[in-house]
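Residue numbers (my numbering), protein chains in the order written: chain R, 855 to 1316; chain E, 855 to 1316.
Worth flagging that the hints you see were computed from the coordinates, not collected in a lab.
The structure displayed is predicted, hence computed values, not measured ones.
Some clues are possibly wrong.
Derived lysine-lysine pairs resembling PhoX-like cross-links, with alpha carbons at most 25 Å apart [what the hints assert, rightly or not]: (1) Lys-968(E) - Lys-1042(R); (2) Lys-883(R) - Lys-871(R); (3) Lys-968(E) - Lys-1043(R); (4) Lys-1213(E) - Lys-1139(R); (5) Lys-965(R) - Lys-1043(E); (6) Lys-1213(R) - Lys-1139(E); (7) Lys-973(R) - Lys-1277(E); (8) Lys-929(R) - Lys-1042(R); (9) Lys-1213(E) - Lys-1139(E); (10) Lys-1042(R) - Lys-1277(E); (11) Lys-965(R) - Lys-1034(R); (12) Lys-1042(R) - Lys-950(E); (13) Lys-1043(R) - Lys-950(E); (14) Lys-1213(E) - Lys-968(R); (15) Lys-1213(E) - Lys-1042(R); (16) Lys-968(R) - Lys-1277(E); (17) Lys-1042(E) - Lys-965(R); (18) Lys-929(E) - Lys-965(E); (19) Lys-1277(E) - Lys-1043(R); (20) Lys-1043(R) - Lys-965(E); (21) Lys-950(E) - Lys-973(E); (22) Lys-1042(R) - Lys-929(E).
Just some of the chain R residues that point at chain E, by a computed CB distance under 7 Å [stated by the list, open to error]: (23) Asp-925; (24) Tyr-926; (25) Ser-1022; (26) Ala-1155.
Heads up, the beta-carbon is just placed ideally off N, CA and C, and yes, glycines get one too.
2 protein chains.
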Amino acid sequence: MEEALVDIEQIIAALAKGEQPYLMEELNKYLPSELIDIVYQIEEHPQYLILFFRCLDRENAYETFQELEIDYQEKLINLLPNRQLQLILNDMSPDKRTAMLEELPGDIINKILKLLTIKERAVALSLLGYPENSIGRLMTPDYIAVNENWTVAQVFEYLREHAEETESIDFIFVVNNQGKLLDDIALKKIMLADFDVQVHELMDEQFEALSVMEDETSAIEVFKRDDYLVLPVVDSNNILLGIVTADDVLQLAEEEDTEDIQKIGAVEALEDAYIDTPVHLMVRKRAVWLIILFLGELLTASAMAYFEDELSRAVVLALFVPLIVSSGGNSGSQAATLLIRAMALGEVHINDWWRIMRKEILSGLLLGTIIGIVGFFRVALWSSIFGLYDGYWLGLAFTIGFSVLGVVMWGTIVGSMLPLLLKRLGADPATSSAPFVATLVDVTGLLIYFTVATLFLTGTLL
Amino acid sequence: MEEALVDIEQIIAALAKGEQPYLMEELNKYLPSELIDIVYQIEEHPQYLILFFRCLDRENAYETFQELEIDYQEKLINLLPNRQLQLILNDMSPDKRTAMLEELPGDIINKILKLLTIKERAVALSLLGYPENSIGRLMTPDYIAVNENWTVAQVFEYLREHAEETESIDFIFVVNNQGKLLDDIALKKIMLADFDVQVHELMDEQFEALSVMEDETSAIEVFKRDDYLVLPVVDSNNILLGIVTADDVLQLAEEEDTEDIQKIGAVEALEDAYIDTPVHLMVRKRAVWLIILFLGELLTASAMAYFEDELSRAVVLALFVPLIVSSGGNSGSQAATLLIRAMALGEVHINDWWRIMRKEILSGLLLGTIIGIVGFFRVALWSSIFGLYDGYWLGLAFTIGFSVLGVVMWGTIVGSMLPLLLKRLGADPATSSAPFVATLVDVTGLLIYFTVATLFLTGTLL
Chain R
855 MEEALVDIEQ
865 IIAALAKGEQ
875 PYLMEELNKY
885 LPSELIDIVY
895 QIEEHPQYLI
905 LFFRCLDREN
915 AYETFQELEI
925 DYQEKLINLL
935 PNRQLQLILN
945 DMSPDKRTAM
955 LEELPGDIIN
965 KILKLLTIKE
975 RAVALSLLGY
985 PENSIGRLMT
995 PDYIAVNENW
1005 TVAQVFEYLR
1015 EHAEETESID
1025 FIFVVNNQGK
1035 LLDDIALKKI
1045 MLADFDVQVH
1055 ELMDEQFEAL
1065 SVMEDETSAI
1075 EVFKRDDYLV
1085 LPVVDSNNIL
1095 LGIVTADDVL
1105 QLAEEEDTED
1115 IQKIGAVEAL
1125 EDAYIDTPVH
1135 LMVRKRAVWL
1145 IILFLGELLT
1155 ASAMAYFEDE
1165 LSRAVVLALF
1175 VPLIVSSGGN
1185 SGSQAATLLI
1195 RAMALGEVHI
1205 NDWWRIMRKE
1215 ILSGLLLGTI
1225 IGIVGFFRVA
1235 LWSSIFGLYD
1245 GYWLGLAFTI
1255 GFSVLGVVMW
1265 GTIVGSMLPL
1275 LLKRLGADPA
1285 TSSAPFVATL
1295 VDVTGLLIYF
1305 TVATLFLTGT
1315 LL
Chain E
855 MEEALVDIEQ
865 IIAALAKGEQ
875 PYLMEELNKY
885 LPSELIDIVY
895 QIEEHPQYLI
905 LFFRCLDREN
915 AYETFQELEI
925 DYQEKLINLL
935 PNRQLQLILN
945 DMSPDKRTAM
955 LEELPGDIIN
965 KILKLLTIKE
975 RAVALSLLGY
985 PENSIGRLMT
995 PDYIAVNENW
1005 TVAQVFEYLR
1015 EHAEETESID
1025 FIFVVNNQGK
1035 LLDDIALKKI
1045 MLADFDVQVH
1055 ELMDEQFEAL
1065 SVMEDETSAI
1075 EVFKRDDYLV
1085 LPVVDSNNIL
1095 LGIVTADDVL
1105 QLAEEEDTED
1115 IQKIGAVEAL
1125 EDAYIDTPVH
1135 LMVRKRAVWL
1145 IILFLGELLT
1155 ASAMAYFEDE
1165 LSRAVVLALF
1175 VPLIVSSGGN
1185 SGSQAATLLI
1195 RAMALGEVHI
1205 NDWWRIMRKE
1215 ILSGLLLGTI
1225 IGIVGFFRVA
1235 LWSSIFGLYD
1245 GYWLGLAFTI
1255 GFSVLGVVMW
1265 GTIVGSMLPL
1275 LLKRLGADPA
1285 TSSAPFVATL
1295 VDVTGLLIYF
1305 TVATLFLTGT
1315 LL
C-alpha cells in the first residue's frame, strides 16, 4: 500500500502565492480522501478554499465536497461562487446531497435548491427527508422574497434581476432578516405604491401559508376554498421555504382522484396511465383484489350450503338469490362511494358518524321500501299472469319484499360506515370499494333472505 | 285608458337648457314605454341622452334601458359614464341583459361584464348564451390587455391604473385595435425591458388560448399538461373575451371528479355536499338507479327459472350462484372504472377500442385463469376434506373453474367496452357504473354457468 504523499506545506505555500497552474496540476493527482485532509488544514483561510476548489477537476471537486463534514459543507456553500457551487451540487450523488440537505438550515437549503437544475431539484426534493406526500415534495423554491425594510424602489430593482426565477410574481413574499415569512403582498399593491415607501408599510400581516410537513392533499382544500394561485410554504419556525402553485395542485388533485376512483373500482392504484400499463402489471393490480373478493364470496357458498335443506324443498327460493344479494351490493356501493368522496373532499369527518348513520338508516329504509314494493309486485304479478307460485305466492311475495327491504337497509348501513371505519383504523376510506362492500353484504344478505323465508313460508313451501 | 301626455318639445327644450331639477320632476312621472319614445327622439344628441338618464330614477333608468332596441343600447353603453352604466346594468333583469349581451360584440360584452358585480357577472355569464359547461361559463373578464403599439412605459402606466381589476398579472395579453389576441407576454419580460420599447417588439406570438365555446373540461387538460396559471379565452374571431385561472380549473376538476365518482357508484350527481343534501333528495338521487338495477336484476330470476329443472335435480349448483355472478361483477367493475377514468383524463379515446379490447381480453384471460384455479381447488379441497360432492366432484370442480374463467373474461370485456360504447352514443362513460356493469354481467354469467354445468355434469349430476 502506497503512502499518501501530500505535501501540505507546499500546497499551502502555493495557495498563498496563488500559483494556479501548479495547483491544478498537483491537486488533481490526489485522491478525494487526501483532498479532504487538505481542506481541513486550510479551512481557516477562505481565500485558500476558494482557490483550492477552483483548481480541482469537476469530478474531484464534487467528490471531495460530498465527503466533507456538514460544517465544512455549510461553510463552503456560503463561500464558493454560485457558478462553482452549482456544478458541485448538481454533480453530487443524490443520496449524499440529501444527507447534507437534511442537516442544513432552511435558508441554505433554499439557496441550494435554486442552484440545482430542474431535474436535480426534483430529485433533491423527493429525497429531502420531507415525508412522502408532504407539502415539501410539492413545493418549488422559485419564489420572490423581499425584506420588510426594503423600499418599493428596491423591490422593483430586485424584481428586474430575479423575476426570471419564479413561476408567479402576483405575490411577493416578505421576510425578515432571519428568513421568517411576515406577509404576502400583491404585486398590484406594490405597483400602486410610491417608490420610497418601505415594504413593511404595505403589510397587513394577513396571509395564509402551507406547512412543509403537512400532507400534500391539504393543499388541495386550501387552494379550492380560497381561490389562490400561489401559496407560500414554511417550516415549523415559519421560515419561508418555497411556494406551491395552483397548477401543481391541480395535477395533484387529479392524481389523487384517479387513485380514489381506481380503488373504488377495486383496483390497486396504477402508477402510470392505463394505456401505458403493461398487461402483466395490470393483472397484478387487479388480481389481488379479485382473489380477496373471490375468497370472501366463497363464504356465500357455505352460507347457501347451510340452507341446502330449505333449497332442496323449495328450489324457487334459489331463483331470487342473485336478485336479493345484488340489491344489497348496489345500495352498499352507492352509500360507500358517496361517503368516500365526501370524506376526500373534507365534507364529512369520522366524528360525524352518528349524523351520517341516522341519515343513511332513513335513506336505507326509504330506498328499501321502494325496492321492496317493486319486488313484492314482481312476485304477485308473475303469479297472476303466469299462474306461478301456486298456493304460496303471498308468502313468497312477502319474503322477497321484506328481504329486499332488509338487504337494502343493511347494504346502506355497511356501505356508509365502512369508509368511516377504515379511516378510523388508519386505512384509506377508498379501500371500501363498491365490490368490497357488495361482497361483505352478500353473505349477510343470504342470511336475511333465508331467515325471512322461514318466517313467511314455513307451513306452505318450507 | 288615459292618453300619454308627453310633451316632447318641452322635454327637449329643457334638455337643451340643462334644466335638471325640472327634468327630474317631470321625466319620472312617465312610464318606461313613454320614456323610450323620448330616447328615440333625442338619440342624435349625445349630451341630451346623458342628461336624460341622469335625471331618471334608478328604477326608471334600467326599465327604460332594458326595453330599448339593441342599437340604442349599444350606443348608450359607449356613451354613458361608467358609474351610471354600472347601476343600470346591475339592476337590469338577467334575462333582458342576456338577450342584450347575446347581440353585442365581444369587446362591449367585456366592458359590461367588468361593470357588473361579481354576483351579477356570474348570473350574466351563466345566461350569456355560452352553452352550459362551456369555457364561456368558466371565464372571468378581469384581465389586463394592452395594445401592441404601446410602449413599456405606457403598459406600466396602464397597469398602475388597472392592476386592481385582474386576478393575475403574471401575463399581460396583447391585442390589436380590434381586440384580437396577438400574444401573451410574461410581466417578468416587460419588467426587464426598457421603457421606450414597444410591446410588439417583445412579442414572440407563441401563445395558447382557450376557445369560448369549447367544453370547459378541455381547460382541465390544457392546464394540467402545460402548467399554466392563467389562460386567455377567445371567440372564433380570436377576440379576447376573458381569462381562466388555474384555481377555477381546480374547482371545476374536483366537481367533475365528484360527479364521476358518484356516477361510478350508481348515484346521480348530487348538486350539494353530501352532508347538505336532505334525505328526500338523497333518496331520489339513489332510487332511480337502484330501481333500474333491480329491474335489470329481475332478469336473473327469469334466467334461473329457465334452469329450474337442472336446479331441482342438482341443488348444489345453486350454492355457487352468488360466487359465479359476483366474480363477473367484480372484474367488470374493475375494467369499467379503469376505462372511465382513463377516458376522463384523455388517456384513451374511442378510436383506441381495439387496442383496449385486446389488452382486456388478455387481462381477463389471465385473471379468469387465476380465479378459476382458486375455484377449482375450493371444490376439490372441500370434496377431499369434508367428503362432499361424492361421485361428481371433478365435474363440479371443472364447472366452477371454467364458469369463473368465462364469467371473469366476459365481465372484463363488458366492463371495458361499455364506457366506450356509451361515449360513442353521446352519453357519459361514467354512467357505466360498477353496479350497472355487475347487473349486466349477472344475467349472462348465469347463462355461462349453467351451460358449462351441462357440459361437465351431464351423466353424473344432471
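request  = Decide if the proposed pair is consistent with the structure: Lys-1042(E) and Lys-965(R), CA atoms, cutoff 25 Å inclusive.
outcome  = Satisfied, since the Cα-Cα distance of roughly 21 Å is no more than 25 Å.
Restraint check for Lys-965(R) with Lys-1043(E), where alpha carbons must lie at most 25 Å apart = OK: Lys-965(R) and Lys-1043(E) at ~23 Å, within 25 Å.
message = Check whether the Cα positions of Lys-1042(R) and Lys-929(E) lie no farther apart than 25 Å.
response = violated, 33 Å
ask   = Does the structure keep Lys-883(R) and Lys-871(R) at a Cα separation of 25 Å or less?
value = holds, 20 Å
ask   = Straight-line Cα separation of Lys-1213(E) and Lys-1139(E) no greater than 25 Å?
value = violated, 35 Å
ask   = Holds or violated: Ala-1155(R) as interface residue toward chain E, Cβ cutoff 7 Å?
value = With a minimum Cβ separation of about 5 Å from chain E (threshold 7 Å), the hint on Ala-1155(R) holds.
ask   = Keeping to a limit of 25 Å between CA atoms, is the pair of Lys-1213(E) and Lys-1042(R) held or broken?
value = This hinted pair is violated, its Cα atoms lying about 53 Å apart.
task = Given the hint that Lys-965(R) pairs with Lys-1034(R), test it: the Cα-Cα distance must not exceed 25 Å.
result = holds, 15 Å
message = For a C-alpha distance cap of 25 Å, please report whether Lys-950(E) and Lys-973(E) respect it.
response = holds, 16 Å
key: Given pair status - Lys-1277(E), Lys-973(R), alpha carbons within 25 Å   = violated, 38 Å
key: Restraint check, 7 Å cut-off on beta carbons, for Ser-1022(R) near chain E   = Since chain E brings a Cβ to about 5 Å from Ser-1022(R), closer than 7 Å, the hint holds.
query = Taken at face value, is the distance from the CA of Lys-950(E) to the CA of Lys-1042(R) at most 25 Å?
reply = violated, 35 Å
Violated hints, in rising order: 7, 8, 9, 10, 12, 13, 14, 15, 16, 19, 22, 23 and 24; the structure is consistent with all others.
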